[in-house]
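Peer 1: Listed here are the chains, written in short residue letters.
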Amino acid sequence: MTTTPAPQSGAETGVLARVSDVRCVYGGGEQDFTAVDGVSFELNEGEILGLAGESGCGKTTLGNALAMIAVPPLYVLSGRLGIDGREIDLATLNAADVKAHRPYRGTTVSMLPQGAMNAISPTLRIRSLVLDVMRAHDKNVAKDEALDLARDRLKMLEMPVRVLDSYAHQLSGGMKQRVITVISTLLNPRLLIADEPTSALDVSSQRMLVEMLLAMVEQRIMSGVVFVTHDLPVLSQISDKLAIMNRGAIVEMGPTAQLVEDPQHPYTEKLLGSVLDPTAETRRKGKEWLTGGSGLVRSATETAASGTSPSDTPKGATS
Amino acid sequence: MKLGRYIATKTVWYAVALIAAVGLNFLLPRLVPGNPVDVIVSNLARGGSVTSEQQKQIYDSFVAEFGLDQPLWQQFFTYVGKVFSGDLGTSFAYYPASVNGLIGDALPWSIAVQLPAILIGWVLGNLVGAIAAFRGGNWDRSVFTSSLFLSSMPYYCLSILLLYGLAVVAGVFPVGGAYSLGSTPELSVSFLLDALDYYWLPFLSLVIVFIGGQAVGMRSMAIYELGGDYVNYARAMGIGDNKITTYIFRNAMLPQITGLALSIGTLVGGALITELVFSYPGVGTLLFNAIAANDYPVIQAITLIITVAVLLANFCVEIVYGIVDPRIRAAKSGEK
Chain A
0 MTTTPAPQSG AETGVLARVS DVRCVYGGGE QDFTAVDGVS FELNEGEILG
50 LAGESGCGKT TLGNALAMIA VPPLYVLSGR LGIDGREIDL ATLNAADVKA
100 HRPYRGTTVS MLPQGAMNAI SPTLRIRSLV LDVMRAHDKN VAKDEALDLA
150 RDRLKMLEMP VRVLDSYAHQ LSGGMKQRVI TVISTLLNPR LLIADEPTSA
200 LDVSSQRMLV EMLLAMVEQR IMSGVVFVTH DLPVLSQISD KLAIMNRGAI
250 VEMGPTAQLV EDPQHPYTEK LLGSVLDPTA ETRRKGKEWL TGGSGLVRSA
300 TETAASGTSP SDTPKGATS
Chain B
0 MKLGRYIATK TVWYAVALIA AVGLNFLLPR LVPGNPVDVI VSNLARGGSV
50 TSEQQKQIYD SFVAEFGLDQ PLWQQFFTYV GKVFSGDLGT SFAYYPASVN
100 GLIGDALPWS IAVQLPAILI GWVLGNLVGA IAAFRGGNWD RSVFTSSLFL
150 SSMPYYCLSI LLLYGLAVVA GVFPVGGAYS LGSTPELSVS FLLDALDYYW
200 LPFLSLVIVF IGGQAVGMRS MAIYELGGDY VNYARAMGIG DNKITTYIFR
250 NAMLPQITGL ALSIGTLVGG ALITELVFSY PGVGTLLFNA IAANDYPVIQ
300 AITLIITVAV LLANFCVEIV YGIVDPRIRA AKSGEK
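First to last, the sequence lines map onto chains A and B.
Under numbering that gives the first Met the number 0, the first sequence is numbered contiguously, ending at residue 318.
Under numbering that gives the first Met the number 0, the second sequence is numbered contiguously, ending at residue 335.
Hints listed in this document are in silico derivations from the structure and should not be mistaken for laboratory results.
Cβ atoms here follow ideal geometry from the backbone N, Cα and C, with glycine treated the same way.
Possibly wrong hints are sitting among the right ones.
To be verified - Restraint ranges, calculated between C-beta atoms of paired labels, are given here: (1) A:117 with B:254: 36 to 42 Å; (2) A:117 with B:171: 36 to 42 Å; (3) B:22 with A:203: 55 to 61 Å; (4) B:219 with A:202: 36 to 42 Å.
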């Protein structure tokens with residue numbers, strides 16, 4: 000059995016999802032690399048949880064595990080997701096009964112992927128993908144009914160309906176990302192895992208996408224979002240709670256404003272300190288740092304020795 | 000309409016390529032030093048069975064037929080006129096047999112043995128390759144190894160092995176030819192059954208190698224596509240494996256369609272080695288004999304047919320590409 004009823008994770012408690020002890024490795028042999036190391040957290044109804052950390056800290060892997068996607072060499076060793084009155088055993092993702100999770104994908108938990116630019120097959124029209132997603136969960140849904148839902152959603156988000164007749168290559172990067180967002184939320188998922196949805200977008204497209212997600216949460220199209228990104232300024236604006244990940248573990252978690260203003264963990268402090276601040280003072284300091292005071296660009300050795308990367312924090316201090 | 004503009008652009012380019020190919024096909028034999036008619040007539044004279052009067056008659060008829068006494072540009076238009084009216088000339092080696100007749104006799108044999116081999120090999124090879132990629136593990140390893148082995152095996156090698164094993168040692172099939180000695184090609188059940196006995200060995204030697212080649216290609220493409228972001232996203236949205244397989248298959252098919260069309264295009268040239276090993280009376284055998292006998296009209300006609308068939312096949316590939324892949328259609332029709 001991969002799922003069991005778990006009424007304690009219901010809406011009556013205000014908790015949307017309970018994630019417990021997620022462990023993921025890459026490799027599956029003796030040379031395993033642990034990417035997620037016993038992550039647990041709770042997400043309330045209507046909340047946006049920002050999941051931040053530097054590249055390689057395990058954010059995307061955790062997102063994939065929560066979206067029930069585990070393609071070798073990624074193996075989920077343990078983990079449970081309590082959502083919608085169910086307890087989903089994530090450790091069975093790599094097992095033969097992988098199809099057991101299919102009904103919950105896109106409906107209970109949906110994914111807004113990191114590679115949204117290539118998330119649509121190049122030989123498929125958007126409307127075909129919409130139909131396939133709808134029919135994957137309801138074989139009898141009429142074509143018009145499915146497309147009408149997509150049209151309504153596009154109109155609601157002030158997007159042109161004609162995109163349904165387009166292929167992926169005919170859309171701009173920002174438009175493609177918003178179309179994928181519409182498709183990912185078409186089935187009104189309880190939880191949306193948004194994996195770096197803004198990282199490849201220009202600032203105006205980022206803003207449009209973020210506003211779109213906020214509007215969707217407000218209108219209860221989805222009940223909660225785990226927003227995975229390394230873009231702390233974006234997270235600080237949209238998330239209710241912030242979780243900082245380092246080396247596969249959550250090192251600090253709390254309300255966004257509190258965590259940004261008063262970080263408790265040294266890694267969080269360093270990560271927040273790494274955010275570029277385009278003031279005149281910062282630019283002056285940056286120039287000094289780059290030239291090392293002698294007009295020469297600093298060498299890679301010097302840069303590494305300066306310990307400015309958050310990843311220099313020893314593991315013992317972060318877990 | 001985008002597709003219409005795409006097809007129109009392609010048609011123009013292929014028409015230009017056809018004109019260039021016809022021009023080269025006309026010019027190349029005429030660039031060879033010496034007059035081919037002189038060679039043929041002197042060969043006849045060397046045999047001693049032809050009188051000088053007959054030699055002159057043959058020489059004059061050849062010169063008149065090919066218009067060799069006319070200027071080159073006039074010869075070209077005569078040649079083009081004949082080609083487009085379907086007259087491929089007269090054979091030197093089988094004089095006075097027409098080239099049309101010789102090719103007409105040989106072509107059905109080549110098509111009969113190759114077309115089913117190519118189509119069946121293509122379908123089976125792609126299926127086997129796709130299944131190997133999807134299933135992975137031992138299935139994939141064994142399919143990949145055996146397909147690589149088969150596709151790397153030269154046609155003549157497999158032909159000779161099959162000939163030795165199934166015809167010489169086991170005696171299951173006849174050793175060579177396309178039908179029993181004494182029978183005449185005709186559309187009757189008894190003749191077709193007789194020809195079927197001779198058909199299996201050349202067919203098997205072609206289809207086995209073809210399955211291997213297609214399986215290797217399809218497996219690589221499918222494995223590449225399996226790692227695509229769109230596959231993971233479709234899975235994350237709960238789309239079933241069967242539907243995802245159709246996405247992958249469609250994207251992985253493009254290079255395979257090229258392979259199919261080019262194989263069909265070149266089949267009119269005959270499976271030279273296979274036909275020679277099994278003494279099969281196809282276009283390959285006809286071309287081989289024509290080269291040995293300096294039979295320029297036959298060589299020229301077969302080369303022309305191959306050229307036209309390959310151009311036609313490529314044209315079909317381009318059209319199918321345009322239909323299957325909207326990016327190609329957009330790029331080639333100038334759409335932004």
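Peer 1: Hint by hint, which ones does this structure get wrong, listed from lowest number up?
Peer 2: 1, 2
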